[in-house]
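For the record, the sequence lines run as chains A and B.
Counting in our numbering, the first sequence runs from 1 upward without gaps.
Counting in our numbering, the second sequence runs from 1001 upward without gaps.
Incorrect hints may have been included.
[To be verified] Over 10 Å on every C-beta distance to chain B, these chain A residues come out as not near it, computed from the model: (1) LYS13; (2) ASN38; (3) ARG45; (4) ASP53; (5) LYS152; (6) ARG178; (7) PRO190; (8) LYS191; (9) LEU199; (10) TYR272.
[Unchecked claim] On the chain B side, residues computed to face chain A include the following (Cβ under 8 Å): (11) THR1146; (12) PRO1149; (13) LYS1152.
[As the list claims (entries may be wrong)] Derived DSSO-like pairs (lysine-lysine); straight-line CA-CA distance at most 30 Å: (14) LYS174/A x LYS1198/B; (15) LYS1126/B x LYS191/A; (16) LYS152/A x LYS1198/B; (17) LYS162/A x LYS198/A; (18) LYS162/A x LYS126/A.
Hints in this document: simulated from the structure, not taken from any laboratory.
All C-beta atoms in this analysis are idealised placements derived from N, C-alpha and C, irrespective of residue type, glycine included.
The lines below spell out each chain.
There are 2 protein chains.
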Amino acid sequence: MNFLQRLRHIQRKNNSLLCIGLDTVPTKVPESLYRWENPQYEFNRRIIDATKDLVCAYKLNIAFYESVGEHGWYTVHQTLARIPEEIITIGDGKRGDISSSAEHQAHSLCYDWEFSATTVSPYMGKDSIEPFIRRKDQCAFVVALTSNPGAKDFQYLTVKGKPLYARVVETARKWNTRGNIGLVVGATRPKELQHIRKLAPAMPILIPGIGAQKGNLEASVRYGCDARGELAIINIGRGIIYSSTGDDFAEKARVLAMNYRDQINTYREKHYR
Amino acid sequence: MNFLQRLRHIQRKNNSLLCIGLDTVPTKVPESLYRWENPQYEFNRRIIDATKDLVCAYKLNIAFYESVGEHGWYTVHQTLARIPEEIITIGDGKRGDISSSAEHQAHSLCYDWEFSATTVSPYMGKDSIEPFIRRKDQCAFVVALTSNPGAKDFQYLTVKGKPLYARVVETARKWNTRGNIGLVVGATRPKELQHIRKLAPAMPILIPGIGAQKGNLEASVRYGCDARGELAIINIGRGIIYSSTGDDFAEKARVLAMNYRDQINTYREKHYR
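Given only the sequences and the hints, what does the whole structure look like? Please build it.
In C-alpha cells form, the structure reads like this:
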C-alpha cells in the first residue's frame, strides 16, 4: 500500500482523523511511573494501549526524546514497536538539509526508526527533502503554515501577489509525483487552511494546534478534509496526554480521545454528508 | 565573553578562519580504528588532536551522530569534551520549531551538549529560534542561502523587489539585539555572499560548501569577512577529514588543514591589508 492508501485505510477502520501527539516530558509523567525502568516509555505504552482503537496516527516530536539523552533514541524504538502496524506514525522533527546530511537525517527517521511519515522544513528546497520520500509507503509533511506568532515573519510575505505559504503549497504539490508528500498547517489559521485545501485537494494535511494552542476544531475538520471528509490528520498532544496527574491518566486520556474523535466525526457528518 | 568576543579571540589566537566539519561516517573511518570501542569518536579525537591549533571552530552535523543510534548521542558528548574550551563548537542541525518543541531542541544542543553555536531554519520565524539565543555566549546561525540546487525553489523568490534570502538576512539582523545571531551562506554563491555581507556588516557568517561542493574559497574570504577580515567561519568537512584511508589520516588532515588555513590567510592579506 502506498501512504495515502494506508492513511485512508486506518481513518476508515478506526473511524477517526485523530492523531495523538506523544510529546512526553519525563518530568510530567505521574510519579507512580518512576519505579519503571523507563517512565517515558511506560507512559507512552499506557496511552497507546488505551487509545489505539481511537486514532489514525501517533506523532512523536523527536525533540522530546533527543532532549533526554541517549535513552531517548531507544524510547522512540520501544514506543514505535508498541503501536499497531496499521496506525500511521509521524516522526516530527522539521528536518531537511543538504545532500549527505539529509540522507543521514532520513536514515534515522525513515529506515532506522521507520516512521511512516516525517515533517520537513521547505526552505532548502526539493533536494533537501528528497531522501524522506524515497519509499512510496512513507510520507513527508512539508511545513507550510504554522500556528505560532513567528509564522508572520516569513510565511505571509507576498510573492507574485500570493503569500509565501501558498507558494510552498503549490511547489510541494508539484514535487508530489509519487503521491507521498503532505502539508503541515496550524489549526489556528482556518481561513488559510481553506485556501490551502483548495490549492492541494488530494494531499494529506497534518493539523497541529488544537488544545493547548487553542486552534479551531470545527474549522480544522471542515476545511482540512478532502472531498470525502478524509486526509486531515488532527493532532492533539498535551490536551489529551496530560489530562490527569494520577494513576488514571491513561483512562482519562481515553475519555478525552473518544470525545475528540466523536466531536471530529460530528463535524464531518455536518460538513461532508 | 559574548559569542562575538569568543569568535574573534580564537580567530586571532589561532590566526584562522577555518572550521573543520566533523561529519564522521562510521563506515568511512580507517579499518584500523575498528578495534576501538567507539571508532567514530576515536576518529574525531585524532582529527581534533592533530588540528586544534589550526582552526577557529569545529562543526558537527547532528545527523551523522543521530543516524548511528543511541551511541551517537554519547559520541557528541565525548567529541565536545575533547575540543579545547576556547574553540567554537557548532551543532549543525538546522533546528527550529514551535514553543515547547523548540525549547526541547535547544535543551539538547545548548544546555546538554552545550555547543557554542547552532544552526536554525528561518521559516517558522523568531519565536522558533528564540530558545537558541538565550545565552549571550552562544550563537544561532540562521540559514540564509544554501549551496544546494534546491536553494532556487524558495530562497531566490522575489519579495518586495528583493530575494527572500535578503529578507531573511535583514530580519535576522533585526532580531539580533543581543549580538548572538549569525548567518549560514553557501560558498557556491559568491555574488550573493557579497550582497549579504553588505546587509549584515557585523554578523558572523558560517560558510559551508568548500571542498566537496566546490565552493569558491577566495570569494568566500573576500566577501564573507567583516571589515577587519574576521567573522567568516569557513567550513571544510570531507575535503579535510577523508584525505587518507590509512593510519596516517590525522597527519594528512593536518597537512590539508594547514594548507587551507594558509590559503585563507593569503586571501585575507590580499583583500584586507
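So, going through the hints one by one against the coordinates:
no.	hint	in the structure
1	LYS13	holds (29 Å)
2	ASN38	holds (12 Å)
3	ARG45	holds (19 Å)
4	ASP53	holds (27 Å)
5	LYS152	violated (7 Å)
6	ARG178	holds (17 Å)
7	PRO190	holds (18 Å)
8	LYS191	holds (19 Å)
9	LEU199	holds (16 Å)
10	TYR272	holds (29 Å)
11	THR1146	holds (5 Å)
12	PRO1149	holds (5 Å)
13	LYS1152	holds (7 Å)
14	LYS174/A x LYS1198/B	violated (35 Å)
15	LYS1126/B x LYS191/A	holds (23 Å)
16	LYS152/A x LYS1198/B	holds (25 Å)
17	LYS162/A x LYS198/A	holds (14 Å)
18	LYS162/A x LYS126/A	holds (20 Å)
When held up to the earlier numbered hints, the structure conflicts with 5 and 14 and fits the remainder.
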